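Student: Using the sequences and the accompanying hints, generate a full structural model.
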Amino acid sequence: MTEWIDTLMQGILLGGLYSLFATGLALSFGVMRMINIAHGDFAILAAFAAIAVVEPFGLNPFVVLLVVAPLMGLFGYLLQRTILNRTLGKDILPPLLVTFGFSIIIQNLLLVTFSADTRSLNVGELGTASIALGGDLAVGVLPLIIMLAAVAVLGALQWLFSATPLGRAFRAASDDAEAAQLMGIDNRHIYGLAMGIAMAVVAIAGVFLAIRANISPADGPARLLYAFEAVIIGGLGSLWGTLAGGMILGVAQAVGLKADPGWGILAGHLAFLAVLAVRPNGLFARTRDR
Amino acid sequence: MSENRSIDQGRRNTIKAIGGLTAGALLPAPWVHAANNTIKIGYVSPQTGPLAVFAEPDAFTLGEMKKALAGGIKVGGKTYAVEFVVKDSQSNSNRAADATSELILKDKVNIVVAGSTPATTNPVADQCELNGVPCVTNDTPWQPHFFGRGGDPKKGFEWTYHFFWGLEDVIGVFTSLWSQLPTNKAVGALFPNDSDGNAWGDPKLGFPPVLAQKGFKLVDKGRFQSPADDFSAYIAEFKKNNVEIVTGVLPPPDFANFWAQAGQQGFKPKIVTAAKATEFPAAVQSFGPRAEGLSVEVWWSPVHPFNSSLTGVSSAALAAAYTQATSRPWAMPLAFKHSLFEVAIDALKRAKDLEPESIRDAIRDTNLNTIVGPINFKKGPVPNVAKTPLVGGQWKKTAKGFELVVVENSLAPTVPVKDKLEAIKA
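Residue numbers (the numbering used here), protein chains in the order written: chain A, 1 to 290; chain B, 1001 to 1426.
Keep in mind that the hints were calculated from the coordinates and are not lab data. All values reported here derive from a predicted model rather than from experimental measurement. Check each hint, because a few of them may be wrong.
[What the hints assert, rightly or not] Pulled a few chain A residues facing chain B out of the computed Cβ check, cut under 7 Å:
1) 103
2) 119
3) 120
4) 122
5) 213
6) 261
[To be verified] FRET-style restraints, in silico, Cβ to Cβ:
7) B:1400 to A:60: 20 to 26 Å
8) A:60 to B:1241: 33 to 39 Å
9) A:104 to B:1305: 30 to 36 Å
10) A:133 to B:1398: 49 to 55 Å
11) B:1158 to A:104: 34 to 40 Å
12) B:1059 to A:134: 51 to 57 Å
13) A:124 to B:1361: 27 to 33 Å
14) B:1209 to A:97: 46 to 52 Å
15) A:279 to B:1323: 56 to 62 Å
16) B:1038 to A:70: 40 to 46 Å
17) A:56 to B:1425: 27 to 33 Å
18) B:1214 to A:97: 53 to 59 Å
19) A:101 to B:1094: 37 to 43 Å
20) A:60 to B:1268: 22 to 28 Å
[Stated by the list, open to error] No farther apart than 20 Å at their CA atoms in a straight line, the calculated lysine to any residue pairs in the SDA-like style are these:
21) B:1268 to A:134
22) B:1268 to A:177
23) B:1240 to A:255
24) B:1204 to B:1193
25) B:1400 to B:1328
26) B:1400 to A:124
27) B:1239 to A:134
Just so it is clear, CB atoms sit at the ideal spot from N, CA and C, and this is done for glycine as well.
Tutor: Structure follows, in structure tokens:
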């Protein structure tokens, strides 16, 4: 019995990381209807940016995150305004192609700058610290922090979307871009802000990934798939749905792994397919289909 | 308008160039082209993508080679300049095959060398075998290379030669390493679902039969899909079976995940011997203080008592020169890159002319003491394969950071042992 509780718990905690990766994707998909193929690579980029600051100065990765996340946010805003906005339109292909190009460019830039070595952000004792829960159960402090960060980020975003004028503008631009423009909303600016927030969140995800394990320049694309699945399972436009999606994916993988290691990833994909078959719009979809 | 014209001019030049190339390609014998005083050595390497860490020493090694071969080499009484044509495999076996056929058909190289994992060596060697071009590869355990290409131990291959250690060596090193410490002999396995993981975990040719024979109990939950984010199922299984030794062949991110989760969930094995993940100093550094005590197979280190046949440089001096030039720590592929060119140049020097058959025969007769040890393709376990020595090492903390210290040499007594295996401090 405790083994199953342990499996569930580890899966749910893993879901925290997955939903951090998924949130940025959900934002750009939800607001701009843009699929960012380079999403995972941007996370790795942010993590390397953090490593570049942490290693020479010996700073705490969590402190560095406070600098890297806003910087990535600014970068995201500028990227959207200067390049990605030009790709948006009726055709969904240009943003796919452009971000695919970014994916290749980022990987190779990182390779040239940081070499192919695997790197990590070291948080010392905290990395392996755990809280004993009696019996044979223990929960890692770091996965718990990641989960709390995911909940905090999603809570903040939920508040932003539902209770602020900016959130209203996001929703308006998402529901009907043309009507929003008629109402005096500058879509280009709104899209820039959405991408800025998406990048800031993906920076958090990337830094946590580098703290949790280690990373190398080519690791980005592998992160994209789970993020996608978490978004689709949760449903477009629902932020808490993204968290649920990440957790469902994490638990499915953990349960699959427990049965047989070869089934771990497969179980995640099967859960994703099952949701697609039963509820094609995701479990908690709120965005209208255009 | 003027812009249009220049584009047009460019196109014309391109067409001319293509015409020239086609005319060149139509010449009957490929080596006639290269015969004008230059020998071309083609080199395929995963310079970008997930395997790029193996290619880090490329630029340094090629620089050293160009320096050493500045005066050219003598083949059949005539001096030739040596040119290197380098192609990136992008860590992709299809791309590696394409790059090789480009080297053969377009660049008309005299010999092809390649290294770093079956994803590079197998397609490169296959292309060379197909096109009848001499080829030397290394840095892939010989079974995945030889049998992975459908090699027949009775016949072997005609054009392609390979040198590295094999699964039997790594199994031998690991088991004798583990016998140094008193344990309950329960071994937990972390084998991913890839060519390495499947070969190591193979119930007939891999670890399981040898471990059973030597009295170890193997706890193998099965093959996981890499990259994996969660190892708690493995850890629970290991704890339940009271595992004291953990082994595997897994990429650094997977091992980092496992090792951090093991810490969080209070799993404390005495010995952890993980291939691949702990072979590279930079990766080990990234594990932080918990890297101390990890052990691994060692294919080359600065203490290996070998010298380069080409430059005379010792293992220690090569490692020092690399660190000085690149400010990076030494890594095992460094010497293997160097040795690839040693074997190629040695064969070229002994060839009676630049006909592919002559170069191939010279490779076949190789009997050379290289920086990775003696290489002789006639003494291998199967035709076309030579074995290099393998020992075991442990990462120990020194004033300068972590150092890989040789602690086991039962299979290669020429490599000196510096210390004993110690249990990982809890």
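Student: State for each hint whether it applies.
Tutor: Each hint, compared with the structure:
Taking 7 Å as the C-beta contact cut-off toward chain B, the hint placing residue 103 of chain A at the interface is violated, the least distance being around 12 Å. Hint status for residue 119 of chain A relative to chain B: holds, with the closest Cβ pair at about 5 Å, below 7 Å. At its closest, the beta carbon of residue 120 of chain A sits 4 Å from a beta carbon of chain B; the interface hint therefore holds under the 7 Å criterion. The closest approach between the C-beta of residue 122 of chain A and any C-beta of chain B is roughly 4 Å, which is under the 7 Å cut-off, so the hint is satisfied.
Taken as an interface hint, residue 213 of chain A checks out: its beta carbon lies about 4 Å from the nearest beta carbon of chain B, inside 7 Å. Of the supplied interface hints, the one on residue 261 of chain A holds, with its beta-carbon coming within about 4 Å of a beta-carbon of chain B, less than 7 Å. For residue 1400 of chain B paired with residue 60 of chain A, a C-beta distance near 24 Å keeps the hint of 20 to 26 Å intact. Checked against the given bound of 33 to 39 Å, the beta carbons of residue 60 of chain A and residue 1241 of chain B, roughly 38 Å apart, stay inside it.
In this structure, residue 104 of chain A and residue 1305 of chain B break the distance hint of 30 to 36 Å, their C-beta atoms being roughly 44 Å apart. Range check, residue 133 of chain A to residue 1398 of chain B: Cβ separation about 38 Å, and the 49 to 55 Å hint is violated. A hinted range of 34 to 40 Å for the beta carbons of residue 1158 of chain B and residue 104 of chain A is consistent with their spacing of about 38 Å. Remark: the range hint 51 to 57 Å for residue 1059 of chain B to residue 134 of chain A is upheld by a beta-carbon distance near 55 Å.
The given range of 27 to 33 Å is broken by residue 124 of chain A and residue 1361 of chain B, whose C-beta atoms sit roughly 59 Å from each other. A C-beta distance of roughly 51 Å is found between residue 1209 of chain B and residue 97 of chain A, which places it inside the suggested range of 46 to 52 Å. As the Cβ distance of residue 279 of chain A to residue 1323 of chain B is approximately 57 Å, the hint placing it in 56 to 62 Å holds. Under the hint 40 to 46 Å, the C-beta atoms of residue 1038 of chain B and residue 70 of chain A, about 55 Å apart, miss the expected range.
For residue 56 of chain A and residue 1425 of chain B, the hinted distance range of 27 to 33 Å is satisfied, since their beta carbons lie about 29 Å from each other. Hint check: residue 1214 of chain B to residue 97 of chain A, Cβ distance near 56 Å, so the stated range 53 to 59 Å holds. At roughly 21 Å, the beta carbons of residue 101 of chain A and residue 1094 of chain B sit outside the given window of 37 to 43 Å. Here the CB-CB span from residue 60 of chain A to residue 1268 of chain B is close to 27 Å, well matched to the stated 22 to 28 Å.
Note on residue 1268 of chain B and residue 134 of chain A: the hinted pairing holds, with a Cα-Cα distance of about 18 Å set against a maximum of 20 Å. A distance of roughly 57 Å separates the Cα atoms of residue 1268 of chain B and residue 177 of chain A; the hinted pair therefore is violated under the 20 Å criterion. A distance of roughly 17 Å separates the Cα atoms of residue 1240 of chain B and residue 255 of chain A; the hinted pair therefore holds under the 20 Å criterion. A C-alpha spacing of about 17 Å is found between residue 1204 of chain B and residue 1193 of chain B, which places the hinted pair at or below 20 Å, so the restraint holds.
A threshold of 20 Å between alpha carbons decides the hint, and for residue 1400 of chain B with residue 1328 of chain B the separation of about 13 Å falls inside it, so the pair holds. A hinted pair counts as satisfied when its Cα atoms are at most 20 Å apart, and residue 1400 of chain B with residue 124 of chain A qualifies at roughly 19 Å. Taking the CA atoms of residue 1239 of chain B and residue 134 of chain A, the gap is near 16 Å; set against the 20 Å cutoff, the hint holds.
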